[in-house]
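**Q** Chains as they are written, first to last, in my numbering: chain Z, 1 to 115; chain Y, 1 to 114.
Among the hints, a few may not be true.
Claimed, not checked - A few chain Z residues that face chain Y, going by a derived Cβ cut-off under 8 Å, partial list only: (1) SER24; (2) LYS26; (3) ASN30; (4) ASN31; (5) ASN38; (6) ARG41; (7) LEU43; (8) ASP92; (9) PRO95; (10) GLY106.
Stated by the list, open to error - Computed beta-carbon distance windows for the label pairs: (11) Y:GLU71 <-> Z:LYS114: 41 to 51 Å; (12) Y:GLN41 <-> Z:THR64: 38 to 48 Å; (13) Y:GLN41 <-> Z:THR77: 45 to 55 Å; (14) Z:ALA81 <-> Y:ASP18: 16 to 26 Å.
Since the hints were derived computationally from the structure, they do not count as laboratory data.
If you're wondering where the values come from, they're calculated on a predicted model, not measured in any experiment.
Glycine residues also receive a C-beta, built at the ideal position from the N, C-alpha and C atoms.
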Amino acid sequence: SQQGEEDPQALSIQEGENATMNCSYKTSINNLQWYRQNSGRGLVHLILIRSNEREKHSGRLRVTLDTSKKSSSLLITASRAADTASYFCATDHLPGSSNTGKLIFGQGTTLQVKP
Amino acid sequence: GAGVSQSPRYKVAKRGQDVALRCDPISGHVSLFWYQQALGQGPEFLTYFQNEAQLDKSGLPSDRFFAERPEGSVSTLKIQRTQQEDSAVYLCASSFRDSSYGYTFGSGTRLTVV
Numbered sequence: 001s002q003q004g005e006e007d008p009q010a011l012s013i014q015e016g017e018n019a020t021m022n023c024s025y026k027t028s029i030n031n032l033q034w035y036r037q038n039s040g041r042g043l044v045h046l047i048l049i050r051s052n053e054r055e056k057h058s059g060r061l062r063v064t065l066d067t068s069k070k071s072s073s074l075l076i077t078a079s080r081a082a083d084t085a086s087y088f089c090a091t092d093h094l095p096g097s098s099n100t101g102k103l104i105f106g107q108g109t110t111l112q113v114k115p
Numbered sequence: 001g002a003g004v005s006q007s008p009r010y011k012v013a014k015r016g017q018d019v020a021l022r023c024d025p026i027s028g029h030v031s032l033f034w035y036q037q038a039l040g041q042g043p044e045f046l047t048y049f050q051n052e053a054q055l056d057k058s059g060l061p062s063d064r065f066f067a068e069r070p071e072g073s074v075s076t077l078k079i080q081r082t083q084q085e086d087s088a089v090y091l092c093a094s095s096f097r098d099s100s101y102g103y104t105f106g107s108g109t110r111l112t113v114v
């Protein structure tokens with residue numbers, strides 16, 4: 001079953017605004033990854049943050065990780081209509097976990113950016 | 001190839017029919033993963049291979065589902081006696097080594113069982 005819970009389930013903003021999506025998970029992780037999925041397409045890897053990192057940036061993306069709260073957030077700054085997609089967090093688990101070796105995905109946040 | 005290739009892109013099967021879904025991973029990627037994605041949901045893990053070895057098949061929903069990767073490259077997911085609840089998008093992903101390196105996904109096969 002899925003590990004992560006994402007919040008909000010859906011988000012609608014105007015172009016130029018920032019979008020923030022949150023992800024929570026249950027058991028200790030090795031790293032956490034964010035993916036984007038355009039309608040009818042496969043998932044595209046956006047960014048990976050390791051358990052010993054607290055923040056990471058890639059272009060207009062900023063990811064934070066709080067392992068004490070078992071949560072992560074993805075911030076997209078200055079959003080564009082082309083950012084419209086579903087965003088998923090995925091957790092990679094420590095050896096010894098029943099989830100070792102595979103990514104466990106959350107339910108996703110659907111982002112709509114209006115021009 | 002440059003990316004992960006899946007075929008067919010779309011498949012309509014009559015209930016009870018057997019289907020085979022193919023995945024061509026990125027050349028040199030050791031790990032290959034299959035996921036099932038229902039409409040509006042996140043991908044659910046089915047099984048994964050490291051080279052030709054199937055290391056985890058805990059996500060396969062029933063014994064009607066079978067996956068293989070005999071030479072450590074191309075993989076096939078077979079579903080026998082398809083049922084309506086099997087309707088979903090089946091995603092294949094490959095990774096250079098393991099899940100800690102991030103996945104490259106194919107575009108998926110949309111299976112509709114009628």
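**Q** So, ASN30 (chain Z) near chain Y? Judge it on the closest CB pair being under 8 Å.
**A** 6 Å, holds
**Q** Interface hint check: GLY106 (chain Z), Cβ to nearest Cβ on chain Y, cutoff 8 Å. Holds or violated?
**A** Status holds, d = 5 Å.
**Q** Hint validation: LEU43 (chain Z) versus chain Y, beta carbon distance must be below 8 Å. Holds or violated?
**A** It holds, given that the least Cβ distance between LEU43 (chain Z) and chain Y is near 4 Å, below 8 Å.
**Q** Hint ASN31 (chain Z) vs chain Y: min CB-CB distance below 8 Å?
**A** 6 Å, holds
**Q** So, as I understand it, the hint says SER24 (chain Z) touches chain Y; can you test that by seeing if any CB pair is closer than 8 Å?
**A** Given a least distance of 14 Å, the restraint on SER24 (chain Z) is violated.
**Q** Hint check: is the beta carbon of ASN38 (chain Z) less than 8 Å from a beta carbon of chain Y?
**A** 10 Å, violated
**Q** Tell me if ARG41 (chain Z) is really an interface residue toward chain Y, meaning its C-beta lies closer than 8 Å to one of theirs.
**A** Since the shortest Cβ distance to chain Y is 6 Å, the answer is holds.
**Q** Tell me if the beta carbons of GLN41 (chain Y) and THR77 (chain Z) are separated by a distance inside 45 to 55 Å.
**A** Given range 45 to 55 Å: violated, Cβ gap about 28 Å.
**Q** Please test the hint of 41 to 51 Å on the beta carbon pair from GLU71 (chain Y) and LYS114 (chain Z).
**A** 48 Å, holds
**Q** Taking the least C-beta to C-beta distance, is LYS26 (chain Z) closer than 8 Å to chain Y?
**A** 15 Å, violated
**Q** Does the Cβ distance between GLN41 (chain Y) and THR64 (chain Z) fall inside 38 to 48 Å?
**A** Taking Cβ atoms as reference, GLN41 (chain Y) and THR64 (chain Z) lie about 25 Å apart, which means the hint is violated.
**Q** Tell me if the interface restraint on ASP92 (chain Z) is satisfied: Cβ within less than 8 Å of some Cβ in chain Y.
**A** 5 Å, holds
Consistency with the previously given hints fails for numbers 1, 2, 5, 9, 12, 13, 14, ordered from lowest to highest.
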